[in-house]
Amino acid sequence: MLIEVGKKNELLPGGMKVVEASGKEIVLCNYEGKIFAIDRRCGHMNAPLEKGTLEGYIVTCPMHNAQFDLTTGEVLSDPILRPRPSDFMRWFGMLMANIKTHNIKTYPVKIDGETIKVEI
Amino acid sequence: MNIESRKKALKFLYQRVVDPLGYKFSPDEDLVDFLLEQEVKLEQKHGIPFCPCQGLSKDREENMRIVCPCIPFHREHFDAMKRCWCGLFVHKDVTNPDELKQISVHEIKK
Numbered sequence: 015m016l017i018e019v020g021k022k023n024e025l026l027p028g029g030m031k032v033v034e035a036s037g038k039e040i041v042l043c044n045y046e047g048k049i050f051a052i053d054r055r056c057g058h059m060n061a062p063l064e065k066g067t068l069e070g071y072i073v074t075c076p077m078h079n080a081q082f083d084l085t086t087g088e089v090l091s092d093p094i095l096r097p098r099p100s101d102f103m104r105w106f107g108m109l110m111a112n113i114k115t116h117n118i119k120t121y122p123v124k125i126d127g128e129t130i131k132v133e134i
Numbered sequence: 029m030n031i032e033s034r035k036k037a038l039k040f041l042y043q044r045v046v047d048p049l050g051y052k053f054s055p056d057e058d059l060v061d062f063l064l065e066q067e068v069k070l071e072q073k074h075g076i077p078f079c080p081c082q083g084l085s086k087d088r089e090e091n092m093r094i095v096c097p098c099i100p101f102h103r104e105h106f107d108a109m110k111r112c113w114c115g116l117f118v119h120k121d122v123t124n125p126d127e128l129k130q131i132s133v134h135e136i137k138k
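Just so you know, the protein sequences line up as chains A and B, in that order. First residue of the first sequence: 15, per the numbering used here; consecutive thereafter. First residue of the second sequence: 29, per the numbering used here; consecutive thereafter.
Derived from the structure by calculation, the hints contain no laboratory data. Among the hints, a few may not be true.
Listed below are the simulated EDC-like cross-link pairs for lysine to aspartate or glutamate, each with C-alpha atoms no more than 20 Å apart in a straight line [unchecked claim]: (1) K36(B) with E46(A); (2) K39(B) with D61(B); (3) K69(B) with D92(A); (4) K31(A) with E128(A).
Some, not all, of what chain A presents toward chain B, calculated at C-beta under 10 Å [stated by the list, open to error]: (5) A35; (6) D83; (7) D92; (8) I94.
Ideal Cβ placement from N, Cα and C applies to all residues, glycine included.
Just need the whole structure built from these sequences, with the hints factored in.
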């Protein structure tokens with residue numbers, strides 16, 4: 015089912031925007047003029063990916079810097095958990111490092127004139 | 029995490045950093061592939077893609093100076109050699125990286 019989620023001119027190259035379609039949270043990404051749609055939630059600890067950065071085809075999570083390929087949803091880097099000064103935080107970091115990072119879902123995008131539609 | 033995908037991602041990200049510095053990846057593709065693989069392994073171990081050709085110390089500040097691409101921290105040294113210490117990056121005008129040699133920083137500063 016194709017659902018209209020926005021207009022092409024709302025998203026500049028290198029930009030990200032959150033939309034909701036059929037109850038799913040999706041981030042639209044503009045990579046060199048082409049629009050891609052990915053799951054909003056990081057495959058590690060569900061942080062909102064649009065708060066992170068988009069560098070070319072690579073989306074970096076704002077929470078622990080896990081990286082994903084926005085064209086395929088594939089994990090490109092596991093989360094980076096910086097060493098913390100206290101033992102508790104070191105233990106907490108190690109705990110988080112053991113949470114497996116999953117690939118994220120991508121959605122097919124169709125551009126209809128100026129309208130962006132996502133296949134759900 | 030797929031090692032090949034990570035190597036491709038690192039190559040993509042590094043390219044954007046080294047290009048404005050006047051450097052490019054070495055034309056020796058086998059060497060580039062090998063060094064990137066070592067960096068992926070270091071990143072998996074330490075969380076940071078350190079230079080695979082320089083030893084880590086216990087000093088975090090020193091270690092942060094060898095996070096790849098470390099060209100900005102060793103500019104004078106690398107510009108004199110026309111390559112980075114590993115040879116992963118060379119000056120843009122270099123066509124034959126085999127002609128470039130590692131030179132100790134102490135020799136350059138003499």
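Note to self: Holds or violated: K69(B) and D92(A), Cα atoms, limit 20 Å.
What the structure shows: 12 Å, holds
Margin query: Run the distance test for K36(B) versus E46(A): straight-line Cα separation, threshold 20 Å.
Written below: 18 Å, holds
Check: Can the restraint linking K39(B) and D61(B) be considered satisfied, given a maximum Cα separation of 20 Å?
Finding: Given that 20 Å is the threshold and the Cα spacing comes to 9 Å, the pair holds.
Item checked: Restraint satisfaction for I94(A) [CB to CB of chain B, less than 10 Å] -> Hint on I94(A): holds, closest Cβ of chain B at ~4 Å, below 10 Å.
Notebook entry, point to check: Holds or violated: is the Cβ of D83(A) closer than 10 Å to a Cβ in chain B?
Noted result: Since chain B brings a Cβ to about 7 Å from D83(A), closer than 10 Å, the hint holds.
Item checked: Residue hint A35(A), partner chain B, criterion CB-CB below 10 Å -> 28 Å, violated
Check: Does the structure keep K31(A) and E128(A) at a Cα separation of 20 Å or less?
Finding: Satisfied, since the Cα-Cα distance of roughly 16 Å is no more than 20 Å.
Check: If you take the shortest Cβ to Cβ gap from D92(A) to chain B, is it below 10 Å?
Finding: 5 Å, holds
In the structure shown, a violation is registered for the earlier hint numbered 5 alone.
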